[in-house]
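Visitor: Chains Z and Y supply the protein sequences, listed in that same order.
Position 154 of the first sequence, counting from 1, maps to 154 under our numbering, and the rest follow consecutively.
Every position in the second sequence, counted from 1, becomes a number in our numbering once 1000 is added.
Quick caveat, the hints were computed from the structure, so don't treat them as lab data.
Where is the CB? At the ideal position from N, CA and C, for every residue including glycine.
Check the hints yourself; a few may be wrong.
[Unchecked claim] Pair ranges (Cβ atoms, derived):
{"no.": "1", "chain 1": "Z", "residue 1": "Pro-65", "chain 2": "Y", "residue 2": "Ile-1325", "range": "55 to 63 angstroms"}
{"no.": "2", "chain 1": "Z", "residue 1": "Ser-102", "chain 2": "Y", "residue 2": "Ile-1325", "range": "48 to 56 angstroms"}
{"no.": "3", "chain 1": "Y", "residue 1": "Ile-1036", "chain 2": "Z", "residue 2": "Val-163", "range": "40 to 48 angstroms"}
{"no.": "4", "chain 1": "Z", "residue 1": "Asp-166", "chain 2": "Y", "residue 2": "Asn-1002", "range": "47 to 55 angstroms"}
{"no.": "5", "chain 1": "Y", "residue 1": "Thr-1240", "chain 2": "Z", "residue 2": "Asp-105", "range": "51 to 59 angstroms"}
{"no.": "6", "chain 1": "Y", "residue 1": "Ile-1196", "chain 2": "Z", "residue 2": "Pro-65", "range": "40 to 48 angstroms"}
{"no.": "7", "chain 1": "Z", "residue 1": "Ser-131", "chain 2": "Y", "residue 2": "Ile-1196", "range": "47 to 55 angstroms"}
{"no.": "8", "chain 1": "Y", "residue 1": "Leu-1376", "chain 2": "Z", "residue 2": "Ser-13", "range": "24 to 32 angstroms"}
[Said to hold, decoys possible] If you want a taste of the chain Z side facing chain Y, the calculated C-beta under 7 angstroms gives, among others:
{"no.": "9", "residue": "Ser-13"}
{"no.": "10", "residue": "Leu-49"}
{"no.": "11", "residue": "Leu-51"}
{"no.": "12", "residue": "Tyr-75"}
{"no.": "13", "residue": "Pro-77"}
{"no.": "14", "residue": "Glu-79"}
{"no.": "15", "residue": "Gly-81"}
{"no.": "16", "residue": "Tyr-94"}
{"no.": "17", "residue": "Arg-97"}
{"no.": "18", "residue": "Leu-98"}
{"no.": "19", "residue": "Gln-99"}
{"no.": "20", "residue": "Trp-113"}
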Amino acid sequence: MSLSVTHVSKRFSSVLAVDDVTFTAQSGQALALLGGNGAGKTTTIRMILGLFAPDTGRIDWNGQPLDRRHVKIGYLPEERGLYQKSRIIHQLIYFGRLQGMSHGDARRAVLAWLERFGVRDVLYRRVEELSKGNQQKIQLIATLMSDPQIVILDEPFSGLDPVNADLLKGILMDLIAKGKTVVFSSHQMDHVESFCEQICLLKRGRIILQGNLREIKRGYGRTSLLIKTDRDVTALLATHSGVPMERRANGYEIKLDTEERAQAILRTLVEERVPVVKFELSEPSLHDIFIERMGE
Amino acid sequence: MNVRQFLNVLSFTYKERVRTRAFLVTTVLMFVMMIIVSAGPAILSAFSHNSPSRIVVVNEARQFPLSSTSLRTQMGGGYIWQSGRLPNLPSLRNELKRGQDNLDGIVIIQPQVAAAPPTVTTIVRNANAAFVGPLHTYLQSLYSLTTMRSQGLSAAQDALVMAKVPMRLVQVIPTHQNLFLPIYFLEMLLYMFVLIYGSMAMMSVAAEKSSRVQELLIANVRPVTLLYGKLVGISLVGLTQYPLILIAAYIGSHLTPGEAVAAHNMFHGLTPGLLSLFVVFFLLGFFLFAMLYAAVGSLVSRVEDVTQASSPITMTFVLSFTAAIFALGAPNSAWVTVLSFIPNFIPMLMFAREGMTAVPPIQLAAAIAILACSVLVSGYISARIYRVGVTLYGKRPTIREVWALLRAQ
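Work out the full structure: start from the sequences and follow the hints.
Guide: The structure is reproduced here in structure tokens:
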């Protein structure tokens, strides 16, 4: 099963918000929709949700035009919102019913999810009485309670402490394992890297990079070098001109133009008898790729 | 529109409103106030029956035969008439100022030179004291009578001259002046209901938008379904309060026993037809204004902005209420008739006309039809604005920008 967006464009008066965007999200995989503010991510998501009709192009589910009456989509908006004065149970059942659940099913799902998140006691509390992290959990329950085929999460980790972030990670892994189609939009690249096989990088409405994350990284080659040593080697590394270098708390981070240059640096370090604790040559992180491509 | 979704939105909106403490408190307050207001006239009249007002007459004109007995027979039993003396006037005035022993007025009759009639000075506590008019008429006829006697007319001739001319006043279109108070009250209620529930709809839309619950809702429900479900839900909250208010009014006006009930029952004469018409005008008026309010609510990003943005709509409704209050006094005037066919004036003015006079059924039906059509038109426009508005954040869009977006749809 797959969600495909094909040559989709959307214009708002003079602004072309989405310009000929094409991607496919497979079930059992997570696709990351990346981009800076105003890149067109939210507009793309809203078109998938059916809030806006695309000006051109099509959005399909399993080769058929996506029909919201038959396909359930769980959506976690970037801007979180719940009824502040309402009791948790009342509004979650309401959201469940709007997603097509019966009253009984919705109630059972709410109880099971609250149990899973370890917040069973908030059932009859009002949202305004909850901590930000717990509100976030309630919002996630509203997204996932109807067991949707497609899950769209806009910045799901914001506001969660590390413990709850791990809890959410487990839940998302679970969704992917269950064969859900997950579309994920985030600025936190480390989270994206740990989930998403496919990425789609948008800039001013256009796709500037897309594909399998591993392959994209491989295409860049191993050009990210980390050296850890107790000695100050700034001057030494400077001899390898043309190599931008950053000194960090845990050592030196160096962006190389070619993999071969790493060998030359290693030779210099050995010749100078520098006690090296760590010498690691790796592919660039998604963060680095993001910064590089967005800056172009 | 998905009926199941519509009912979900409707029932959630209704329950969330009715569950709040604010709803409970306002409903109880309204109930109690209604009892007090409707029992008011009966309580007041019972109170005034127990202690009739006292009026002191200082008669210095010897040729003017005036006694407490004749005053009582001529003026009815509602007052105690006493005679006083001129030297006591300062102390009497003080008593009157303080309202001591129910003293409500002092009447001073002083002779003038030669054949001129005596002067009558009436000093009162309240400018609208009920005894003044009849007393002046009585004194005038008493003067005429004594003058005729002194001119040598016989008792039979007196009677002929003083005989009352039978006069009748017939209105071509009858007005129900006895219904003035209850209709006034219902107009107030109609005004309050439309404003309270209309702005409740607006605030609810604005709050959903600013708290971003909207994002979650419109991902699952079509905006039109959401808007209509919400408005119908809120109108049902109003319809829940209405019968309670009527029950309170009924209890209040039957609280005092005896003949006071019939004479002072404020709601005596209100027909079930009129009370049902109230529901019709409340619902249509509510939907007309709530649709517009909701459209405004969907355009603002912050709840604080909503009152200011909606003030033009509120103004037109306040205007219609003001017009209705004048219309109660002159329900048959041409301007009332004309205004009672203009959509935003219809609920208040047509109800005022129907309450105070006889409106031809065809006019009533036409007004309701015009209003219903306006509701449909405003519902259509508002739904389109709402659909665009709920996805717009940031600066409040100008009318031109909204128009451009509507055309782009």
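Visitor: Look at each hint and say if it fits the structure.
Guide: Here is what the structure says about each hint:
no. : hint                                       : result
1   : Z:Pro-65 / Y:Ile-1325: 55 to 63 angstroms  : holds, 57 angstroms
2   : Z:Ser-102 / Y:Ile-1325: 48 to 56 angstroms : holds, 51 angstroms
3   : Y:Ile-1036 / Z:Val-163: 40 to 48 angstroms : violated, 58 angstroms
4   : Z:Asp-166 / Y:Asn-1002: 47 to 55 angstroms : violated, 39 angstroms
5   : Y:Thr-1240 / Z:Asp-105: 51 to 59 angstroms : violated, 29 angstroms
6   : Y:Ile-1196 / Z:Pro-65: 40 to 48 angstroms  : holds, 45 angstroms
7   : Z:Ser-131 / Y:Ile-1196: 47 to 55 angstroms : violated, 35 angstroms
8   : Y:Leu-1376 / Z:Ser-13: 24 to 32 angstroms  : holds, 29 angstroms
9   : Ser-13                                     : holds, 6 angstroms
10  : Leu-49                                     : holds, 5 angstroms
11  : Leu-51                                     : holds, 6 angstroms
12  : Tyr-75                                     : holds, 4 angstroms
13  : Pro-77                                     : holds, 4 angstroms
14  : Glu-79                                     : holds, 4 angstroms
15  : Gly-81                                     : holds, 3 angstroms
16  : Tyr-94                                     : holds, 4 angstroms
17  : Arg-97                                     : holds, 5 angstroms
18  : Leu-98                                     : holds, 4 angstroms
19  : Gln-99                                     : holds, 5 angstroms
20  : Trp-113                                    : violated, 15 angstroms
Violated hints, listed in ascending order, are 3, 4, 5, 7 and 20; each of the other numbered hints is respected by the structure.
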